[in-house]
Amino acid sequence: MSKTIELAQHLEKLHINNMYKSDFYWTWDKTDEELDAIFTVADALRDLRERNKSTRIFDSGLGISIFRDNSTRTRFSFASACNLLGLAVQDLDEKKSQIAHGETVRETANMVSFMADVIGIRDDMFIGEGHKYQKTFMDAVKEGYRDGILEQQPTLVNLQCDVDHPTQCMADMLHIIHQFGGVENLKGKKIAMTWAYSPSYGKPLSVPQGVIGLMTRFGMDVVLAHPEGYDVMPEVEEIARKNAAATGGSYKKVATMEEAFQDADIVYPKSWAPFAAMEERTRLYQAGDQAGIDALEQKLLAQNAQHKDWTCSEEMMKRTRNGSALYLHCLPADITGLSCPEGEVDNSVFDRYLVPLYKQASYKPYIIAAMIMMSKVKDPVSALMAMDSGDKRKSF
Amino acid sequence: MSKTIELAQHLEKLHINNMYKSDFYWTWDKTDEELDAIFTVADALRDLRERNKSTRIFDSGLGISIFRDNSTRTRFSFASACNLLGLAVQDLDEKKSQIAHGETVRETANMVSFMADVIGIRDDMFIGEGHKYQKTFMDAVKEGYRDGILEQQPTLVNLQCDVDHPTQCMADMLHIIHQFGGVENLKGKKIAMTWAYSPSYGKPLSVPQGVIGLMTRFGMDVVLAHPEGYDVMPEVEEIARKNAAATGGSYKKVATMEEAFQDADIVYPKSWAPFAAMEERTRLYQAGDQAGIDALEQKLLAQNAQHKDWTCSEEMMKRTRNGSALYLHCLPADITGLSCPEGEVDNSVFDRYLVPLYKQASYKPYIIAAMIMMSKVKDPVSALMAMDSGDKRKSF
Amino acid sequence: MSKTIELAQHLEKLHINNMYKSDFYWTWDKTDEELDAIFTVADALRDLRERNKSTRIFDSGLGISIFRDNSTRTRFSFASACNLLGLAVQDLDEKKSQIAHGETVRETANMVSFMADVIGIRDDMFIGEGHKYQKTFMDAVKEGYRDGILEQQPTLVNLQCDVDHPTQCMADMLHIIHQFGGVENLKGKKIAMTWAYSPSYGKPLSVPQGVIGLMTRFGMDVVLAHPEGYDVMPEVEEIARKNAAATGGSYKKVATMEEAFQDADIVYPKSWAPFAAMEERTRLYQAGDQAGIDALEQKLLAQNAQHKDWTCSEEMMKRTRNGSALYLHCLPADITGLSCPEGEVDNSVFDRYLVPLYKQASYKPYIIAAMIMMSKVKDPVSALMAMDSGDKRKSF
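Residue numbers (the numbering used here), protein chains in the order written: chain P, 762 to 1157; chain V, 762 to 1157; chain Z, 762 to 1157.
Isolated chain P, as found in the complex (with noise of 0.2 Å):
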């Protein structure tokens, strides 16, 4: 029996009705099962891949991405998850459109999306906003399907917003899983996301976020650390702190990174930004106050500097369980002595954990593909049982 055999079989097991025509905003908005189906399905998709099997579910069909900030790695992901099942990738580039002052999200949600199968948004840079963007253009383009403008209801995959990164933990979180062995070794595991200093700004909270809200929920021990200023949106701590009572696990904050990294089984040392100054900038930028937000980008680039002792150095990688901990990025990442004089992680340490950082990322177009599939197929057991046994992607 194959593997996407076996893993179809399992999938059978899950409540996992809800999903067919649902969005994925956050990963907190899913049960439990909804995300052993999603990665149970990337599992399949990348078996049939490494098969040469066809994942086709679409014989035409568009993802639609936006991406209101740059991006090579979730770009790339989005665009290898769309072609995987079938759709063409069409980018809207607001650069080249006549999207004025005034057009509303609405009417573009719906010019954009006339043969919209999915929507991949990234809209990460304002606090309060990139949630609240996608949250319009889908309500928008479901109005848009109830009132016949549009023949079929697109479904969204959150590629970043201010709240969530759940295509980037998602990955993380399967990477974690096969690094470990499977879900069941995780119990008692303990899991740092710390802040690490930058010499770059304004970097998202949405990972440090994703990551606290989604591995509360699988028995690890999770603990937040960075310098005082720089916390994370309590709404989401909340959630952790939930997460963590429900499934024996826990959630704790630290004051140091050195206490975090203590018998650490896996380390997340990452920069971003400190919520309070994000939603400072959110009023600068609502205010169109261009000079108040360069004035904020220095400050917090001083704050920042005060903190360089936050570095994920070889010293704090030997604190971690045997000295070798599982050192996780979302990447790219500001390398000492590489990219940066003085930056997140030492060169020495990210070297050497080059290939599980690679395969770390590599699991996010299989996520999506993933997200995608669960959300547009009604029955996703016997379409992989169907794909298990069926046409070549590459024929000779």
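Rather than coming from a laboratory, the hints here were simulated on the basis of the structure.
Because the structure is a prediction, the values reported are computed rather than measured.
Don't take every hint at face value.
Copies of the same chain look alike in the list, so a pair counts if it works inside one copy or between any two.
[As the list claims (entries may be wrong)] Below, computed lysine-lysine pairings styled on DSBU-like, alpha-carbon distance capped at 30 Å:
1. Lys774 / Lys856
2. Lys1079 / Lys856
3. Lys1155 / Lys896
4. Lys856 / Lys1003
5. Lys1153 / Lys1139
6. Lys1155 / Lys903
7. Lys893 / Lys782
8. Lys782 / Lys764
9. Lys1079 / Lys774
10. Lys964 / Lys1069
11. Lys782 / Lys1153
12. Lys903 / Lys1153
13. Lys764 / Lys903
14. Lys764 / Lys1155
15. Lys774 / Lys1153
16. Lys774 / Lys948
17. Lys1003 / Lys782
18. Lys782 / Lys1060
19. Lys903 / Lys782
20. Lys948 / Lys896
For this one, chain P is given, so just place chains V and Z on it according to the hints.
Only chains V and Z this time, still in chain P's reference frame:
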């Protein structure tokens, strides 16, 4: 019997042999039955898609798009249409190309058409230039095919030129046909194509020209109104007059928006630039006189501002048939109090017509797909019938 | 028997087992039979397309393109080739990506190759850099495949580097073969690869290098001519000499365009930058010395201007065999009196050769598709035979 089969049976009665391998420049190049065929195939393709039937004609092939002006709606419509039929879109971004001063249109045309099945071009900025560019381009690829350079002859879909905007106006017309329950109900209906004030500059004349050139063919009473100096091309008015004479409808010009709106069944208030000024602009452009172009822009904006009373206000709408004419716009509109302080239409009017406006736009991908299909498929009746009983678009 | 079957039977006789899974950097890495295979498959794919046969190998999959320099012809050729075989193109636009200073080529290579079947790279701007980038990139994806990051190993098509421009020169060569009625008619034919004056700066050396490195393999008398100081890379000249010695042809350098053109059967007059100056430019680039680069540009333009007599005039053409040598250019050309006051070629000469010039270019998509097919298909003979009796490309 499915709607598609009914439509295919209607198509069978039409004289449409000349459409195969033909280009689509202007609606007035086409016979009434040819336009009927486009509407019929557009409706059939939509029906097939709603029923999850594959409408692929091409197993591979390219649609080349050239947008010499920004676009969202038309770009996504063209991409959707190509995808619907199985073509991938390759966009010629002149900024990323080596198209230097001096490379002839003939050379570019051949170089991007190696495997092009269809070419979509938007070139609407300069009077006397847009159509010329399209014609030169298509003559070049015809020669290229004849000379054995290209192994197939691509056909054109005019995505807007300086004279006509056929994909827009055909979508507008199909919307009208559906709103009024069939083309047979349009006889004697009054449609008002009127200028409206906009704070922006240099909007193309191709929409009002396309509207009077097309909508005079269905027995309607077509009225054009604009302030003094905002005339459209006289050649197109001549076509409108001839159309009206031939179909039992009428075409006339009136001096005020009020008169045009009086008892109108359909209104299409929209800003455009004066033809004479656009001719002047083309001369300045050809002379490379940017200062002259800038000065002209200031002059035209001042001229526009004298006609702020040309706006689709609630008061103006009250004059129409039962105060509830069908309001049309090609989008995006300049909306008073939403996208600008004073514009083409009151926010309350625009908002009330949002759903029909988006529906109007939603026909464009199907109109484009129908234009492509009629020019590439020798026996479209059999093709529709085969699609009707053929494979699913989404397999699972 | 179809032309494709004949070509497949010829292919069957060639020793081409090493091509499967191989990269295409330079023509001189390949055996004569391997180049023969590329020409054969290119001709077969064109024959199949002309007969409306599907040439899809891939049901899904991506071709990744990276253009580090502008491109129209090669961009559309690569897109056409990928489409012909069933691959979608995903372009890495470095401006829209997060590729920052410090992100290694190794990381980028893995991040964009998640589902890449083929990678096309143009990097021709700096001597000693272009090939190095391609090699580093492909070594990274090979490691990525070996380490389980990528689930397939993509192969390279060099879309132009600092050393060779194989897709151009192979297309040029296939054009020559067809113009002369077969490779067997080329023995003793004289081809003149000469420098020509252009008012622009810094054109790559990869075309003249590619031409002398490839065309010395077919028994032709290859002559290179350029003004003093415009030498090409000595390593490539050495290859040209060895090729000539092995195939009974010849390679020599002469000092004037007149001598090169004398009795030539084929002429390829084209501007390029001096190798030594390009080396200097690379040093300035590596040192970040933009002022130095600008000064060098001025110096080189002045140097170019001393050689305006190196131009493919009507007088120069009269020296060739019967005054009617086959004129080649990779396009776009600097045409005297059309695109510039004084350039590489007289307008009347260029215009007379327009059809063969466009034909020359039209082989490039098929050459690229053949390179992809030979590297991805284990049994190309069977594949061609199956295509010959297989499905239509356009169904209706």
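*Tell me, please, which holds for Lys856 and Lys1003 at an alpha-carbon limit of 30 Å: within, between, both or neither?*
For Lys856 and Lys1003, the Cα distance exceeds 30 Å both inside one copy (42 Å) and across copies (42 Å).
*Is it within, between, both or neither when you check Lys774 against Lys948 at 30 Å Cα-Cα?*
within (22 Å within a copy, 61 Å between copies)
_At most 30 Å between CA atoms: does that hold for Lys764 and Lys903 within a copy, between copies, both, or neither?_
between (37 Å within a copy, 25 Å between copies)
*Could you place Lys1079 and Lys774 in one of the four classes (within, between, both, neither) given a Cα distance threshold of 30 Å?*
Answer is neither: 42 Å inside a copy and 61 Å across each miss the 30 Å cutoff.
*Up to 30 Å between alpha-carbons, please classify Lys964 paired with Lys1069: within, between, both or neither.*
Classified as within: same-chain Cα gap 16 Å, cross-chain 46 Å, threshold 30 Å.
*First find the shortest C-alpha distance between Lys782 and Lys764 inside one copy, then the shortest across copies, and answer within, between, both or neither for a cut-off of 30 Å.*
Close inside one copy (27 Å) and across copies (26 Å); limit 30 Å.
*Have a look at Lys893 and Lys782 and pick one of within, between, both or neither, based on CA distance no larger than 30 Å.*
within (20 Å within a copy, 47 Å between copies)
*First find the shortest C-alpha distance between Lys782 and Lys1153 inside one copy, then the shortest across copies, and answer within, between, both or neither for a cut-off of 30 Å.*
both (28 Å within a copy, 18 Å between copies)
*Is it within a copy, between copies, both, or neither that the alpha carbon of Lys903 lies no farther than 30 Å from that of Lys782?*
within (11 Å within a copy, 39 Å between copies)
*Status of Lys1139 relative to Lys1153 across identical chains (alpha carbons, at most 30 Å)*: both (23 Å within a copy, 14 Å between copies)
*Indicate which option fits the pair Lys1003, Lys782 if close means a Cα-Cα distance not exceeding 30 Å: within, between, both or neither.*
within (27 Å within a copy, 51 Å between copies)
_Intra- versus inter-subunit Cα pairing at 30 Å for Lys1155 with Lys896_ = Intra 38 Å, inter 26 Å, cutoff 30 Å: inter-copy only.
Violated hints for the displayed structure, listed by number in ascending order: 1, 2, 4, 9, 18, 20.
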